[in-house]
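Colleague: Each chain, letter by letter, is given below.
Number of protein chains: 2
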Amino acid sequence: MRDTYHEELDALSDRLIEMTRLARHAIARATTALLDADLSAAQEVISGDEEINRLDEEIEVSAFDLMARQQPVATDLRAIITSLHMAGDLERMGDHAVHIAKIARRRHPDSAIPTELRSIVLEMGHQAELLVIKAGEVVANRDAETALELDADDDRMDKLRRKLLRRILDPNWEHGVEATMDVTLAGRFYERFGDHAVHVADNLVYMVTGEKPKDFEPEA
Amino acid sequence: MRDTYHEELDALSDRLIEMTRLARHAIARATTALLDADLSAAQEVISGDEEINRLDEEIEVSAFDLMARQQPVATDLRAIITSLHMAGDLERMGDHAVHIAKIARRRHPDSAIPTELRSIVLEMGHQAELLVIKAGEVVANRDAETALELDADDDRMDKLRRKLLRRILDPNWEHGVEATMDVTLAGRFYERFGDHAVHVADNLVYMVTGEKPKDFEPEA
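Those sequence lines, one after another, are chains E and G. Position one of the first sequence corresponds to residue 1 (UniProt numbering), numbered consecutively onward. Position one of the second sequence corresponds to residue 1 (UniProt numbering), numbered consecutively onward.
Source of the hints: derived by calculation from the structure; they are not laboratory data. Take these hints with a grain of salt, some might be off.
Pairs involving identical chains hold if they fit within one copy or between any two copies, as the list cannot separate such chains.
As the list claims (entries may be wrong) - Below, a list of computed lysine to any residue pairs in the SDA-like style, where the Cα atoms sit at most 20 Å apart:
id, residue 1, residue 2
1, Lys-102, Thr-184
2, Lys-214, Arg-118
3, Lys-159, Gln-43
4, Lys-212, Val-61
5, Lys-163, Arg-107
6, Lys-163, Trp-173
7, Lys-102, Glu-191
8, Lys-214, Ser-47
9, Lys-163, Gly-176
10, Lys-212, Glu-178
Use the sequences and the hints to build the structure in full.
Modeller: This is the structure in structure tokens:
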């Protein structure tokens with residue numbers, strides 16, 4: 001029984017890793033949708049979110065089932081609870097990719113992003129991918145040391161968002177209200193995507209070490 | 001033991017109701033902060049969020065403790081799991097009030113909301129309060145019938161947000177980029193606050209009836 005139990009714990013972890021893979025794909029395609037006004041990429045992100053939600057639900061069902069059947073304590077209980085939180089974060093990362101895809105869809109066939117901001121948005125997309133890839137690796141390797149790096153990695157994303165906002169607020173900003181709204185919201189969605197990736201890593205640290213990283217709250 | 005157990009389930013419910021009270025206070029004060037450029041109201045919302053987070057954490061600890069000790073099944077397990085989701089929604093409603101308060105704080109001593117949009121934003125604030133009050137009542141009374149009304153109540157909020165966006169996109173819109181950004185984000189935060197209130201009500205329906213309302217996913 002005990003063996004099955006640990007197999008089920010591992011299965012939770014496998015599903016989390018799969019969620020990071022899907023979230024990475026979603027944000028990459030959402031960035032393409034946004035920059036290239038690519039409607040089929042946008043649709044793909046929107047419909048693909050169901051799979052992320054399904055995994056989140058599976059993790060939840062397994063976790064509650066494990067708790068009810070096994071009455072885990074200490075380390076095992078912490079592993080289950082942190083897995084639930086990580087799944088919640090990844091589910092919301094998928095949602096943020098969907099929000100970005102919907103901006104693209106709303107403006108199609110135009111691009112929502114003015115030409116001179118393309119490189120910043122592209123960089124935010126890359127940074128988002130980097131963060132979720134790294135989150136997946138730390139979960140796969142239960143690597144609390146690398147997990148602690150994500151907070152600093154995310155500073156880069158925050159800097160990019162500030163850069164984006166400065167450009168919008170620049171007196172030379174000559175784009176209309178729609179572009180202002182789209183860029184404002186897109187910037188926020190990338191930033192939140194990054195925050196959740198950091199939160200996945202922080203949960204991993206707590207899972208492995210039992211110690212909470214600075215400013216960490218278990219729930220995002 | 002069984003009695004203590006049901007007392008603990010009731011205690012979960014009491015904490016949820018308290019969270020709706022705090023979330024209502026938060027969104028009311030956030031609206032004041034926004035409309036009156038009231039810095040102390042903004043600070044109150046921001047620092048008051050800790051109490052909402054603390055309740056969420058308490059609910060989580062109790063719920064996991066109950067599951068681990070009691071191995072509840074069927075109805076009781078569903079009650080615990082839906083309570084966890086409702087707490088998560090209410091915690092995020094508090095966050096959205098904080099986001100609104102931070103817009104107010106950022107623009108202080110100016111108001112972030114142009115005069116001609118004050119009445120729409122005020123109405124969104126009222127609608128947000130109405131939704132969270134009603135969510136609190138349906139939780140308190142386990143009233144699945146009234147809970148089903150929230151979806152339609154929230155349509156009012158969505159209409160207000162669309163009205164707000166139309167005003168921003170109107171050719172006569174003469175406010176700067178900062179106002180465009182602030183109003184765009186504030187509109188989104190009110191809308192999300194409403195969505196989470198509906199989600200609390202939907203969880204209550206699922207808790208009481210075992211049937212999922214249309215388009216309902218347990219996690220927001």
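Colleague: Evaluate each hint against the coordinates.
Modeller: Comparing the hints with the structure gives:
Taking CA atoms no more than 20 Å apart as the test, Lys-102 paired with Thr-184 passes in both settings, with 14 Å inside one copy and 16 Å between copies. Within a single copy, Lys-214 and Arg-118 get their C-alpha atoms no closer than 34 Å, and across copies no closer than 39 Å, so neither meets the 20 Å cut-off. When the C-alpha separation of Lys-159 and Gln-43 is checked against a cutoff of 20 Å, the pair qualifies neither within a copy, at 29 Å, nor between copies, at 25 Å. In this homomeric assembly, Lys-212 and Val-61 come within 20 Å of each other (Cα to Cα) only across copies, at 16 Å, whereas the closest approach inside a single copy is 26 Å.
Taking identical chains as interchangeable, the C-alpha atoms of Lys-163 and Arg-107 lie at most 20 Å apart only when they sit on different chains, with a minimum of 19 Å there against 23 Å within one chain. For the homomeric pair Lys-163 and Trp-173, the shortest alpha-carbon distance inside one copy (13 Å) is at most 20 Å, but the shortest distance between copies (25 Å) is not. With identical chains, the CA atoms of Lys-102 and Glu-191 are at most 20 Å apart both within one copy (17 Å) and between copies (16 Å). Within a single copy, Lys-214 and Ser-47 get their C-alpha atoms only as close as 36 Å, which misses the 20 Å cut-off; across copies the closest is 18 Å, which meets it.
Proximity of Lys-163 and Gly-176 under a CA criterion of 20 Å is satisfied in both settings, with 19 Å inside one chain copy and 18 Å between copies. In the homo-oligomer, the alpha carbons of Lys-212 and Glu-178 never lie at most 20 Å apart, since the shortest distance is 42 Å inside one protomer and 37 Å across protomers.
When each numbered hint is compared with the structure, violations occur for hints 2, 3, 10.
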